[in-house]
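Everything in the sequence shown is counted per the working numbering, starting at 21 for the first residue and increasing by one.
Read the hints as simulated data drawn from the structure, not as lab findings. Glycine residues also receive a C-beta, built at the ideal position from the N, C-alpha and C atoms. If a hint is listed, it holds; no wrong ones were tucked in.
Ranges between beta-carbon positions, derived for each pair:
(1) Q244 <-> R290: 22 to 32 Å
(2) M21 <-> S136: 20 to 30 Å
(3) G41 <-> W156: 24 to 34 Å
(4) A236 <-> A196: 44 to 54 Å
Derived pair list, reagent style EDC-like, types lysine to aspartate or glutamate, alpha-carbon separation capped at 20 Å:
(5) K266 <-> D119
(6) K266 <-> E207
(7) K287 <-> E207
(8) K287 <-> D161
(9) K287 <-> E277
(10) K266 <-> D280
(11) K287 <-> E217
(12) K266 <-> E131
(13) K266 <-> E277
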Amino acid sequence: MLLVTGVSGALGSLVAERLAGREDVVLGTRAGLPGARRLDFDAPETLPEAFAGVETVLLVSAGYGEDDTVVARHEAAISAAEAAGVRHVVYTSLSGYGDHLTYALAHRWTERRLRSSATLDWTILRNGLYAEFLAWIARPDAENRITGPLGEGRLAAVARADLADIAVSVATDPAAHRNRVYELVGERALGGAGLAEALGATYAPGTLADARAAIAASGAVPFQVPMLASTYSAIAHGFMDGEEVKSDLRALLGGREPLDALDVYVKAVRES
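My request is simple: use the sequences and hints to build the entire structure.
Structure representation (C-alpha coordinates):
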(Lines of atoms letter the chains of each structure in order from A and count residues from 1; the text may use other names and numbers.)
(Lines give C-alpha, C1' and ligand atoms only; values in the text may rest on other atoms or scores of the structure.)
Protein backbone atom coordinates (compact mmCIF):
# COMPACT_ATOMS: atom_id res chain seq x y z
CA MET A 1 0.00 0.00 0.00
CA LEU A 2 1.21 3.47 -0.92
CA LEU A 3 0.29 6.49 1.21
CA VAL A 4 0.52 9.92 -0.41
CA THR A 5 0.66 12.91 1.92
CA GLY A 6 -0.07 16.56 1.21
CA VAL A 7 -2.71 15.92 -1.43
CA SER A 8 -4.39 19.27 -0.81
CA GLY A 9 -1.24 21.08 -1.98
CA ALA A 10 -0.20 21.97 -5.52
CA LEU A 11 2.14 19.04 -6.15
CA GLY A 12 0.27 16.51 -4.03
CA SER A 13 -3.01 17.19 -5.80
CA LEU A 14 -1.41 16.45 -9.18
CA VAL A 15 0.00 13.20 -7.81
CA ALA A 16 -3.42 12.27 -6.43
CA GLU A 17 -5.03 12.87 -9.83
CA ARG A 18 -2.55 10.52 -11.48
CA LEU A 19 -3.17 7.78 -8.91
CA ALA A 20 -6.96 8.10 -8.78
CA GLY A 21 -8.83 4.83 -8.66
CA ARG A 22 -5.91 2.64 -7.66
CA GLU A 23 -6.81 0.24 -4.87
CA ASP A 24 -3.21 0.07 -3.66
CA VAL A 25 -3.06 3.81 -2.94
CA VAL A 26 -4.44 5.82 -0.04
CA LEU A 27 -4.36 9.59 0.33
CA GLY A 28 -3.58 11.49 3.51
CA THR A 29 -4.79 15.00 4.25
CA ARG A 30 -5.53 17.15 7.25
CA ALA A 31 -8.63 18.45 5.47
CA GLY A 32 -10.54 15.18 5.85
CA LEU A 33 -11.42 14.76 2.17
CA PRO A 34 -13.86 11.99 1.26
CA GLY A 35 -12.05 8.70 0.80
CA ALA A 36 -8.81 10.02 2.31
CA ARG A 37 -7.24 9.20 5.64
CA ARG A 38 -6.98 12.04 8.13
CA LEU A 39 -3.28 12.83 8.46
CA ASP A 40 -2.21 15.95 10.30
CA PHE A 41 1.49 16.27 11.10
CA ASP A 42 0.60 18.88 13.71
CA ALA A 43 -1.70 16.35 15.44
CA PRO A 44 0.45 13.27 16.10
CA GLU A 45 -2.53 11.31 17.35
CA THR A 46 -3.77 11.06 13.74
CA LEU A 47 -0.60 9.41 12.46
CA PRO A 48 -0.76 5.77 13.68
CA GLU A 49 -4.07 5.14 11.93
CA ALA A 50 -2.99 7.06 8.83
CA PHE A 51 0.17 4.95 8.44
CA ALA A 52 -1.41 1.58 9.30
CA GLY A 53 -0.86 -1.11 6.67
CA VAL A 54 1.33 1.15 4.53
CA GLU A 55 4.53 -0.11 2.86
CA THR A 56 5.57 3.05 0.99
CA VAL A 57 5.03 6.71 1.85
CA LEU A 58 5.32 9.57 -0.62
CA LEU A 59 6.15 12.34 1.84
CA VAL A 60 5.34 15.62 0.13
CA SER A 61 7.20 18.30 2.04
CA ALA A 62 5.13 20.12 4.64
CA GLY A 63 7.25 23.21 4.09
CA TYR A 64 4.81 25.99 4.90
CA GLY A 65 6.19 27.35 8.16
CA GLU A 66 9.27 28.25 10.16
CA ASP A 67 12.11 25.72 10.22
CA ASP A 68 11.27 24.35 13.65
CA THR A 69 7.66 23.82 12.62
CA VAL A 70 8.56 22.02 9.38
CA VAL A 71 11.21 19.88 11.06
CA ALA A 72 8.74 18.85 13.77
CA ARG A 73 6.20 17.86 11.13
CA HIS A 74 8.69 15.77 9.19
CA GLU A 75 10.05 14.15 12.35
CA ALA A 76 6.51 13.18 13.35
CA ALA A 77 5.88 11.68 9.91
CA ILE A 78 9.12 9.72 9.74
CA SER A 79 8.81 8.43 13.31
CA ALA A 80 5.23 7.35 12.61
CA ALA A 81 6.40 5.56 9.46
CA GLU A 82 9.08 3.71 11.42
CA ALA A 83 6.63 2.73 14.16
CA ALA A 84 4.09 1.46 11.62
CA GLY A 85 6.61 -0.74 9.83
CA VAL A 86 6.73 1.30 6.63
CA ARG A 87 9.51 0.04 4.37
CA HIS A 88 10.25 3.00 2.09
CA VAL A 89 9.81 6.78 2.19
CA VAL A 90 10.02 8.87 -0.97
CA TYR A 91 10.57 12.50 -0.03
CA THR A 92 10.07 15.59 -2.19
CA SER A 93 13.02 17.78 -1.22
CA LEU A 94 14.67 20.90 -2.66
CA SER A 95 17.33 20.87 -5.36
CA GLY A 96 20.94 21.31 -4.34
CA TYR A 97 20.97 24.58 -6.24
CA GLY A 98 18.74 25.93 -3.50
CA ASP A 99 21.19 25.59 -0.62
CA HIS A 100 21.45 29.38 -0.38
CA LEU A 101 17.71 29.72 0.23
CA THR A 102 16.47 30.35 3.75
CA TYR A 103 14.07 27.42 3.48
CA ALA A 104 16.69 24.81 2.50
CA LEU A 105 17.54 23.85 6.08
CA ALA A 106 14.38 21.87 6.83
CA HIS A 107 14.82 19.90 3.60
CA ARG A 108 18.43 19.01 4.37
CA TRP A 109 17.50 18.07 7.94
CA THR A 110 14.81 15.72 6.61
CA GLU A 111 17.22 14.12 4.14
CA ARG A 112 19.69 13.49 6.97
CA ARG A 113 16.95 12.07 9.18
CA LEU A 114 15.92 9.60 6.50
CA ARG A 115 19.50 8.50 5.88
CA SER A 116 19.98 7.85 9.60
CA SER A 117 16.88 5.66 9.93
CA ALA A 118 17.64 2.11 11.04
CA THR A 119 14.56 0.64 9.36
CA LEU A 120 13.58 2.76 6.37
CA ASP A 121 14.72 2.68 2.79
CA TRP A 122 14.42 6.09 1.17
CA THR A 123 14.48 8.02 -2.07
CA ILE A 124 15.03 11.77 -2.22
CA LEU A 125 13.55 13.76 -5.08
CA ARG A 126 15.35 17.09 -5.05
CA ASN A 127 12.82 19.21 -6.91
CA GLY A 128 13.75 22.45 -8.61
CA LEU A 129 11.58 25.51 -8.18
CA TYR A 130 8.38 25.40 -10.20
CA ALA A 131 7.96 27.30 -13.45
CA GLU A 132 4.54 28.19 -12.05
CA PHE A 133 6.27 29.84 -9.08
CA LEU A 134 7.97 32.24 -11.49
CA ALA A 135 4.51 33.40 -12.54
CA TRP A 136 4.09 34.62 -8.97
CA ILE A 137 7.46 36.26 -8.34
CA ALA A 138 8.02 37.61 -11.88
CA ARG A 139 4.57 38.74 -12.95
CA PRO A 140 4.13 41.91 -15.02
CA ASP A 141 2.60 44.80 -13.11
CA ALA A 142 -0.21 47.10 -14.23
CA GLU A 143 2.27 48.89 -16.52
CA ASN A 144 3.32 45.58 -18.11
CA ARG A 145 6.74 45.64 -16.43
CA ILE A 146 8.46 42.79 -14.63
CA THR A 147 10.14 44.47 -11.68
CA GLY A 148 11.15 41.46 -9.59
CA PRO A 149 14.86 41.81 -8.66
CA LEU A 150 16.18 38.88 -10.68
CA GLY A 151 19.16 40.87 -11.93
CA GLU A 152 20.95 39.08 -14.76
CA GLY A 153 20.43 35.73 -13.07
CA ARG A 154 18.43 32.78 -14.34
CA LEU A 155 16.37 30.01 -12.79
CA ALA A 156 16.41 26.41 -14.01
CA ALA A 157 12.69 26.10 -13.37
CA VAL A 158 10.75 22.88 -13.87
CA ALA A 159 7.11 22.19 -14.67
CA ARG A 160 5.14 20.96 -11.68
CA ALA A 161 3.44 18.35 -13.88
CA ASP A 162 6.81 16.76 -14.70
CA LEU A 163 7.65 16.51 -11.00
CA ALA A 164 4.28 14.91 -10.33
CA ASP A 165 4.86 12.33 -13.06
CA ILE A 166 8.25 11.46 -11.59
CA ALA A 167 6.91 11.24 -8.03
CA VAL A 168 4.26 8.76 -9.19
CA SER A 169 6.78 6.69 -11.14
CA VAL A 170 9.22 6.45 -8.25
CA ALA A 171 6.68 5.93 -5.46
CA THR A 172 4.92 3.08 -7.31
CA ASP A 173 8.23 1.27 -7.92
CA PRO A 174 10.38 2.35 -4.99
CA ALA A 175 12.73 -0.64 -4.93
CA ALA A 176 14.24 0.48 -8.23
CA HIS A 177 15.21 3.77 -6.58
CA ARG A 178 16.37 2.52 -3.18
CA ASN A 179 18.58 4.97 -1.29
CA ARG A 180 19.02 7.28 -4.29
CA VAL A 181 19.09 11.08 -4.50
CA TYR A 182 17.82 12.63 -7.73
CA GLU A 183 18.28 16.22 -8.89
CA LEU A 184 15.22 17.40 -10.80
CA VAL A 185 15.87 20.82 -12.30
CA GLY A 186 14.90 22.28 -15.64
CA GLU A 187 17.08 22.04 -18.72
CA ARG A 188 16.48 25.64 -19.77
CA ALA A 189 17.30 28.44 -17.34
CA LEU A 190 14.99 31.46 -17.50
CA GLY A 191 15.91 35.07 -16.78
CA GLY A 192 13.88 38.21 -16.35
CA ALA A 193 14.55 39.58 -19.84
CA GLY A 194 13.46 36.34 -21.49
CA LEU A 195 10.31 36.15 -19.37
CA ALA A 196 9.39 39.69 -20.34
CA GLU A 197 10.02 39.05 -24.03
CA ALA A 198 7.75 35.98 -23.99
CA LEU A 199 4.91 38.13 -22.61
CA GLY A 200 5.55 41.25 -24.66
CA ALA A 201 6.45 43.04 -21.43
CA THR A 202 9.51 45.01 -20.32
CA TYR A 203 12.03 44.01 -17.70
CA ALA A 204 12.87 46.72 -15.18
CA PRO A 205 14.23 44.92 -12.09
CA GLY A 206 13.94 46.72 -8.79
CA THR A 207 16.11 46.27 -5.72
CA LEU A 208 16.01 43.57 -3.11
CA ALA A 209 15.12 46.20 -0.52
CA ASP A 210 12.13 47.30 -2.56
CA ALA A 211 11.01 43.71 -3.01
CA ARG A 212 11.36 42.95 0.70
CA ALA A 213 9.26 46.00 1.59
CA ALA A 214 6.60 45.09 -0.95
CA ILE A 215 6.40 41.50 0.32
CA ALA A 216 6.07 42.70 3.91
CA ALA A 217 3.33 45.15 2.92
CA SER A 218 1.40 42.50 0.98
CA GLY A 219 0.11 40.73 4.07
CA ALA A 220 2.68 37.94 3.91
CA VAL A 221 3.29 36.08 7.16
CA PRO A 222 6.70 36.87 8.72
CA PHE A 223 8.62 33.80 7.53
CA GLN A 224 7.63 34.44 3.92
CA VAL A 225 9.51 37.73 3.73
CA PRO A 226 13.05 36.30 4.04
CA MET A 227 11.94 33.23 2.09
CA LEU A 228 11.00 35.23 -0.99
CA ALA A 229 13.81 37.76 -0.63
CA SER A 230 16.37 34.95 -0.50
CA THR A 231 14.82 33.42 -3.62
CA TYR A 232 15.22 36.65 -5.55
CA SER A 233 18.78 37.06 -4.28
CA ALA A 234 19.87 33.51 -5.09
CA ILE A 235 18.52 33.81 -8.63
CA ALA A 236 19.97 37.27 -9.19
CA HIS A 237 23.42 36.23 -8.02
CA GLY A 238 23.65 33.19 -10.26
CA PHE A 239 23.14 30.32 -7.86
CA MET A 240 20.01 28.80 -9.40
CA ASP A 241 20.73 28.42 -13.09
CA GLY A 242 21.26 24.67 -12.68
CA GLU A 243 24.77 24.67 -14.08
CA GLU A 244 26.29 23.18 -10.91
CA VAL A 245 23.91 20.21 -10.66
CA LYS A 246 23.43 17.28 -13.00
CA SER A 247 19.72 16.94 -13.62
CA ASP A 248 18.04 13.53 -13.61
CA LEU A 249 14.80 15.02 -14.93
CA ARG A 250 14.86 13.58 -18.44
CA ALA A 251 16.02 10.15 -17.28
CA LEU A 252 13.20 9.84 -14.74
CA LEU A 253 10.69 11.00 -17.34
CA GLY A 254 11.60 7.91 -19.30
CA GLY A 255 13.55 9.88 -21.85
CA ARG A 256 10.63 12.02 -22.93
CA GLU A 257 11.03 15.74 -23.49
CA PRO A 258 10.37 17.77 -20.33
CA LEU A 259 7.64 20.36 -20.59
CA ASP A 260 8.98 23.74 -21.68
CA ALA A 261 9.31 25.85 -18.54
CA LEU A 262 8.85 29.10 -20.45
CA ASP A 263 5.58 27.87 -21.96
CA VAL A 264 4.41 26.81 -18.51
CA TYR A 265 5.31 30.22 -17.08
CA VAL A 266 3.47 32.12 -19.84
CA LYS A 267 0.38 29.95 -19.45
CA ALA A 268 0.37 30.39 -15.68
CA VAL A 269 0.62 34.18 -15.97
CA ARG A 270 -2.16 34.40 -18.53
CA GLU A 271 -4.52 32.08 -16.67
CA SER A 272 -4.20 33.79 -13.30
